[in-house]
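Visitor: For reference, the chains in residue letters:
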Amino acid sequence: MTLPNVILQICQVLCVLLLAPLLQGFILKAEERIQRSRGPSIIQPYRDLWKLFHKQSVVPESASWIYLIAPLIAFTAMLIVPILIPVLTDRPLPQSDMGDMLGGGMVLTLGSFAIILAGLDSGNVYGGIGSSRAVMLAILAEPTLILVLVGISLLAKAMLPFVVNHLLLGSLSIYWSPAHLFLILAFFVLLLVETDRLPIHSPTHLEIYMIDEARILEYSGPLLALLKWASMMKQFILYTIFCNVFVLPWGMSQIGTPLGEIGSIVSLLAKFLLVALVVIVIETVQSRLRFYRYQEPLAAGFMFAVLAIVSSQLL
Amino acid sequence: MATYLLILLFAAPFAAVVLSFAVRSSRLSEYVTVVAAIVDLVVSVPLLIQVLNGPVNLAHNYIQVDPLGAWVIVCISIVYTLASIYAVGYMRLLDEDERLPLFYGLFSGFAFTMLAACIMNNVGVFWIAIELTTLISTFLVGFEREAESTEAAWKYIVVVSGGISLALLGTVLFYWGGSFVLGPSYAMTWAALHQAAPAVYPPLLLVSFLLVLVGYGTKAGLAPMHTWLPDAHSESPAPVSAMLSGALLNASMLGIARFLGVVRGSSINGFAHSAVVGFGIFSFFIASLFIVRQTGIKRLMAYSSIEHIGVQALGLGFGGVFGVAGALYHMLNHSLNKSLMFFGAGNAMRAYRTKEIPGIRHVLRVFPVSGTLWLLGAVGIAGAPPFALFLSEFTILRSGIGGRYRWAAVVFVVFLIVVFIGFLAHFRAMYFDDGPEQQVPRLTGTVWRTLPMWLAFLPLLLFGLWWPHSFWNIFAQIAHDLMGGTQ
Amino acid sequence: MFLAHVNPLQASIFSSLAVVSLLLTFVMLGSHWLRNYVFAFAAQSWMIAALSACVGYFAGYPELYMIAVLTALFRGLVLPYLLLRIIGRLNVKRELHAVLQPSSSLVIGAFLVMFAFVIANHMNSQSLLASRVVVMALTIMLSMKFLGFLMLTVRDEAVSQILGLLVLENGIFLGSQILVPGMPLLIEIVILFDLLIVVACFGMLVRFLVVHAGTTSSRQLNRLVG
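Protein chains in written order, with this note's numbering: chain A, 1 to 315; chain B, 1 to 487; chain C, 1 to 226.
Next comes chain A alone, as it looks inside the complex (with noise of 0.2 Å):
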């Protein structure tokens, strides 16, 4: 018995949405594994979103109507994406058309200017930081990650994630080129980037390395699980994006019956184990860098990209 398609698309929003905080709260106990304590339970962050929903929000007075809307903007663009993306089924569900992989990555940029313009908005001195240097992040971020975009239309020849998933999944020698393996390796490096991982991001609270923490400084309550949530799925969806379309194809419903859709989120969760424990260990292994160092890894990147494209004209 299949699904109808429209259960299949709700279905993949909502796994995003509810197991969005499972991966970090995963990503955070390994993380403390790894350096031998004992570390936050698995699911701290859910026990962390229902507290922040129960609590008052206290609202900055020099805020403006930006600061209330930009969590729903977020929240709301993490919820589009699932949509195009294939999350459990690699087959084009009902809207999935809405937008193409570079729609996808518009959407999310959307979600993250949203928050840029609410760390701006308070007048806050940390907000202010922080939205500086994501800016400067995304700057030296976006080119390679459009290249990449680029890269990856150049080898399937469209637009659609799902044809990507096809190819890779159809034709070994093309998932054992160069031109797919240095896409691998920039994506690699947008994906610890985005999500806030070392070399670029410290968990600690100081002042001098936050970026992410900068900007939400000013929220509370509510609005701050919102946010919180927003990132989580943001993490999610990058992870769900280098899976599926790029390293690992394998594992994904094709027909829509309810079985084949828990065992698509079995593998997915499996598939973000192994992806998280590499990023994990490059974490563990690495200091933060200078703030003037940020654009090595991401030249790097683009590098990569550039790479990419043209070893795809080549072969």
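Don't take each hint at face value.
What the hints assert, rightly or not - These stretches of chain A come out as covered by chain C in the derived footprint (C-beta under 8 Å, 3 or more residues):
| # | stretch |
| --- | --- |
| 1 | 172 to 180 |
| 2 | 294 to 304 |
Claimed, not checked - DEER-style ranges, computed between Cβ atoms:
| # | chain 1 | residue 1 | chain 2 | residue 2 | range |
| --- | --- | --- | --- | --- | --- |
| 3 | B | 99 | C | 57 | 49 to 59 Å |
| 4 | B | 21 | A | 287 | 53 to 63 Å |
| 5 | A | 281 | B | 99 | 55 to 65 Å |
| 6 | B | 202 | C | 9 | 27 to 37 Å |
| 7 | B | 454 | C | 81 | 51 to 61 Å |
| 8 | B | 458 | C | 78 | 44 to 54 Å |
| 9 | B | 354 | A | 287 | 48 to 58 Å |
No lab work stands behind these hints, which were simulated from the structure alone. Quantities reported herein were computed from a predicted structural model and do not represent experimental measurements. By construction, the Cβ of each residue, glycine as well, lies at the ideal position given by its N, Cα and C atoms.
Since the structure of chain A is already known, use the hints to place chains B and C on it.
Guide: Coordinates of chains B and C only, in the frame set by chain A:
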């Protein structure tokens, strides 16, 4: 017959190298080098006469002695002889007696590799020979253990190695282009490349030729790849400077000339000649401007070398019998004249203990005889009659003014005037200006240092007044080989 | 000719090896430490040796096996060892990028690769070989040349400049293995040994630089001007 001559030609410097390194005696190495150089000179002339009847192929076609190669061998041998005689007197002034065997060993080794480059038929082995000349001459350039010499040697090896790697790339691309015509595996001789050239895809051939031109042009000192030349030629000991200017630059121009011969008859022939003319005139222009504002005496000579290499490139680029003949005659005359100039500069440097022109005054009081020779040499190198460079430059001008390169010939004449005025202004300052009275010490070894200047000056005067008909025959034959009768 | 009949498996093997070599050049461009340059160069030489062996196997030139072994031995082991010894004697460990930061070098390098691709496309026409392996070989050869010259131009340290020259030679060697595998053996062997002599000379010169000029950084070697 030619085989024996060749063996003798190479055995002489080889024996000099071995003896210098084996028996670490300064006096022995000096005399052995002079003897080897004279043997080379004596052997090279009959060799040239011999190959006029037809090129000599040896060693499975790896070695080919044709008139062009033999002519450059003659020029190199002349400089080798003059420089080694001068070196005997000059190097004794340096107070480095223990290291002299090393110097003379490297000196003869340098001559050996240059001579070897002239006879290489295989393009790849030719490249290797040129690379070897770079490696050996680096240590000659840095022989005096000063900070400036080491810096000059470092700059020399980095810039020139980078440049000739471009030449290697061009060679590989030439070979690749030829492999479409001659099959995937064939002997990489000049003749084979020439045979394949008309059928090679023109953009590929063009890129290959430009790479080779820039690569060997770096070694030859064409601008804008000349940046190593003033440093290397000015910081090395005077005999080495003479060898570098008089012999090595000629060997590099040989490479460019041979590649011009390779692409004759192909579709890029005109463009190739234009490129060579372009580099030549640019070198001339740059060199003339730098000559005007020079303050170091040997750097002045080095820029003059760049200028004359530009003239040779102009001659080869203009093409035709007059152009090629002028360029070849210029090779000989420039070798003679530049050696004379560097010898005089070496004398002046040792006597006045400075490299700066403002520090050298009243040369005639210190060097009555060699100073006169030096002054006359300066007049010659600026291109004035009755010295030989005037004849060769005039021939090149004659070939250029009638064809499509008239603009280059006009620029040539204009900047020739600039060079004349600039160069001789420095000499006027050194000879006739007032300056502080200095106590200039008498130097030893005068005969050793003056004899080569006479030996360089007399042929210079002779060839300026009389262009031997036999030379003309040689040049016409070489021009025919290089041009293939297309111009 | 061999290049006209390259099947996809061979093409992908050649491409992977060549592209990894190019990547190692970027590693050299982007890193700060002199030892990393040498290790990247050694790895690159091993890649090129593997490429030699592959070409010898697929195209039927058994003499290329010997070239591969010699390359791996001399360029992959002896040269890096000599270079590490030179670095060990100096008292500099890292390159101070005064002119161009590593990240900017990476970006410029990426643009140079694109430029090399354009040139290679132009040099190879329909009338020659429509083979992508040829264009790739030309691109990588030209881009390694460009990157080598970039390293030569913007680097101060003597050892970095030596490595720039070695990268130039490596690029030519890589290209020649794919494009002209039939090039006479003598030339390839002599060029191989020639590099050895070149590095030996560089070693001596670096020692002279340290002793007489007091520095190996070309920023401070500026006594000769005009």
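Visitor: Each hint: holds or not?
Guide: Evaluation of the provided hints:
1. With a threshold of 8 Å between beta carbons, the proposed coverage of the stretch 172 to 180 of chain A by chain C holds, since 4 of its residues qualify and at least three are required.
2. Residues of the stretch 294 to 304 of chain A with a Cβ under 8 Å from some Cβ of chain C number 7, which satisfies the need for three, so the listed coverage holds.
3. Evaluation of the 49 to 59 Å hint for residue 99 of chain B and residue 57 of chain C yields a pass: the beta carbon distance comes to about 51 Å.
4. Between residue 21 of chain B and residue 287 of chain A the C-beta distance comes to about 55 Å, which sits within the given range of 53 to 63 Å.
5. Between residue 281 of chain A and residue 99 of chain B the C-beta distance comes to about 58 Å, which sits within the given range of 55 to 65 Å.
6. A C-beta distance of roughly 34 Å is found between residue 202 of chain B and residue 9 of chain C, which places it inside the suggested range of 27 to 37 Å.
7. The given range of 51 to 61 Å is respected by residue 454 of chain B and residue 81 of chain C, whose C-beta atoms sit roughly 53 Å from each other.
8. Restraint check, residue 458 of chain B to residue 78 of chain C: a C-beta distance of roughly 52 Å satisfies the suggested window 44 to 54 Å.
9. At roughly 56 Å, the beta carbons of residue 354 of chain B and residue 287 of chain A sit within the given window of 48 to 58 Å.
The earlier numbered hints are all upheld by this structure, with none contradicted.
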